[in-house]
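Below, each chain spelled out in residue letters.
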Amino acid sequence: MDLHRNYIDGDWADGEAADRFNPSNTEEVVGRHVRGSAEDTHQAIGAAKAALSSWLVSGIQQRHDILKTAADEIFARRDELGRLLSRQEGKILADGIGETIRAAQIFDFFAGEALRLSGETMPSVRPGIEVSMTREPVGVVGVITPWNFPIAIPAWKIAPAICYGNTVVFKPADLVPGCAWEIVDIVARAGLPKGVLNLVMGRGSVVGEAILHSPDVDAITFTGSVATGKLVAAASAEHLRKFQLEMGGKNPMVVLDDADLDTAVDVSVNGAFFQTGQRCTASSRLIVQDGIHDRFVNAMTERMNEGPGGR
Amino acid sequence: MKGLVVDDGCKEGTHIGPVVDADQLGQDQDYIQIGKDEGATLAWGGERLDRDTPGHFLQPALFTNSTPDMRINREEIFGPVASVIRIKDYEEALAVANDTPFGLSSGICTTSLKHASHFKRHSEAGMVMVNLPTAGVDYHVAFGGRKGSSHGPREQGRYAAEFFTNVKTAYTLP
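Respectively, the protein sequence lines represent chains A and B.
For the first sequence, the positions run -18 to 292 when this note's numbering is used.
For the second sequence, the positions run 5 to 178 when this note's numbering is used.
Derived by calculation from the structure, the hints in this document are not laboratory data.
Since the structure is predicted, the reported quantities are computational estimates derived from the model, not experimental observations.
Quick reminder that beta carbons are idealized off the backbone N, C-alpha and C, glycines included.
Any given hint could be a false lead.
Claimed, not checked - So the derived label-pair ranges between C-beta atoms look like this:
no., chain 1, residue 1, chain 2, residue 2, range
1, B, LYS124, A, SER186, 34 to 44 Å
2, B, VAL145, A, MET103, 43 to 53 Å
3, A, GLY79, B, VAL134, 19 to 29 Å
As the list claims (entries may be wrong) - Distance condition first, Cα-Cα at most 25 Å in a straight line; then the derived PhoX-like pairs of lysine-lysine:
no., chain 1, residue 1, chain 2, residue 2
4, B, LYS124, A, LYS30
5, A, LYS223, B, LYS92
6, A, LYS223, B, LYS172
7, B, LYS151, A, LYS211
8, B, LYS92, B, LYS124
As the list claims (entries may be wrong) - If you only want the chain B side, here are some residues facing chain A, beta carbon under 8 Å, derived:
no., residue
9, GLY7
10, ASP12
11, GLY13
12, GLY21
13, PRO22
14, GLY30
15, TRP48
16, ARG78
17, ALA146
18, SER154
19, VAL171
Based on the provided sequences and hints, a complete structural model is requested.
See below:
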């Protein structure tokens, strides 16, 4: 099995390696990945900081071309990457491929956005003075992503970071790093200058901690648990840095008496159980009105019942 | 589609793949036990399943007779576990829907324009779905929640610029 290394300052960096297993078959190894150290993380942050001064003034055509090239390769390899995703995370193949297509679409969207960067100019309230408002990159962005959408969430954090001229230290979920590695490899080969995107796979308690407590990280975008989100918030407050958290849900689905029963069951089965309920947007509370309650529960259990070949 | 098949994610015909790992499986099973202990009725599922390959397979689980104060209705399980809360009318439904520390996504199934419109306005979630699953979003529009689900600017679409850029205001006397 190929060893997948971390990507720091344009080089593939060695380290302690560990196997990842298929949750559909725990005897099947589906990847061998390096687990980075705190020192690796500091090097990655240093590389991102050093690359910032030239990347923040890079041309929008260059940014567009890199993001578009990455989008095209992700889309072209959707079956292969989707299968890798499904074998590492467990979701069904259609969802693995669908999520890979989504990642390609996100890179494509931000390729276009790079060409549409704009600002505003307006008159001052003081005659003769001009005022402008423009957008500038935040700087070195720490990207911390969860295991449940291992290609879409990295895409929707990394593509805009690059689009708007930031440099990145990326720590994917330790459990499912395969697609994260592929995305970094694809973007790197698409022509991104060294140091702009750095990958440090590894444990949250090591790599994540080093990102949280670095004074050189200007912003952190995090998706994951509430408990870890609070650690990101506390550490970011200490450094007075910008942060963004997407955490848990306990999402309600209301079913009223006047609902179409088939729609309500379709929507509830999908929301509650598809992707094994492992979505932050999953419906875990089905709030059902008296008059439709028994019909709804009966239809739900009938739908959940396995067909031939059963349990 | 009749029946939900739980099996290897890459196998043809599977609707629901395995739980991601042993820790998450343990958490799901713990919450199924908690739901039973709290007095909810396990109406269907929740059993470990054996398949051709050793994997973390779990039947989806549906609780009925659950109440909003139960832990299974307050804490995120992050598995194929859902519970039904029975309510009398729309007003109670809205109150129960909002009775949570979280606020990422919410949904309503109804053919009433009045209730759909009211729910869209008064649901305390960042994303509201009418006759659509709470999961499943577009990439060109804002993604994010309220209350304990999210903090900071929205992700995705053009709103991503709010987080990934800082605004500079410049004054010039030519």
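Tested hints:
1. Checked against the hint of 34 to 44 Å, the C-beta distance between LYS124 of chain B and SER186 of chain A comes to roughly 41 Å, which is consistent with it.
2. A C-beta distance of roughly 28 Å is found between VAL145 of chain B and MET103 of chain A, which places it outside the suggested range of 43 to 53 Å.
3. Between GLY79 of chain A and VAL134 of chain B the CB atoms are about 23 Å apart, so this pair conforms to the stated range of 19 to 29 Å.
4. Straight-line distance between C-alpha atoms of LYS124 of chain B and LYS30 of chain A comes to about 43 Å, which puts the hinted pair past the 25 Å bound.
5. A distance of roughly 44 Å separates the Cα atoms of LYS223 of chain A and LYS92 of chain B; the hinted pair therefore is violated under the 25 Å criterion.
6. Straight-line distance between C-alpha atoms of LYS223 of chain A and LYS172 of chain B comes to about 15 Å, which keeps the hinted pair within the 25 Å bound.
7. Distance check on the hinted pair: LYS151 of chain B and LYS211 of chain A sit about 13 Å apart at the alpha-carbon level, within 25 Å; holds.
8. Note on LYS92 of chain B and LYS124 of chain B: the hinted pairing holds, with a Cα-Cα distance of about 20 Å set against a maximum of 25 Å.
9. Below 8 Å, beta-carbon pairs count as interface contacts, and GLY7 of chain B has one with chain A at about 3 Å; its hint therefore holds.
10. A cut of 8 Å between beta carbons decides the hint on ASP12 of chain B: the least distance to chain A is about 4 Å, and the hint holds.
11. With its C-beta approaching chain A no nearer than about 5 Å, GLY13 of chain B sits inside the 8 Å limit, and its interface hint holds.
12. Given hint, GLY21 of chain B at the interface with chain A, holds; its Cβ is 4 Å from that chain's nearest Cβ, closer than 8 Å.
13. Checking PRO22 of chain B against chain A by beta carbon gives a least distance of about 4 Å; that is within 8 Å, so the hint holds.
14. Proximity of GLY30 of chain B to chain A is violated relative to the hint, the smallest CB-CB distance being about 13 Å (cut-off 8 Å).
15. Interface restraint check: TRP48 of chain B against chain A, minimum CB-CB distance 4 Å, threshold 8 Å, status holds.
16. Hint status for ARG78 of chain B: holds, given a least beta-carbon distance of 7 Å to chain A, under 8 Å.
17. Interface restraint check for ALA146 of chain B: the shortest CB-CB distance to chain A comes to about 11 Å, outside 8 Å, so the restraint is violated.
18. The closest approach between the C-beta of SER154 of chain B and any C-beta of chain A is roughly 5 Å, which is under the 8 Å cut-off, so the hint is satisfied.
19. Satisfaction of the interface hint for VAL171 of chain B is found here, the shortest Cβ-Cβ separation to chain A being roughly 6 Å, below the 8 Å cut-off.
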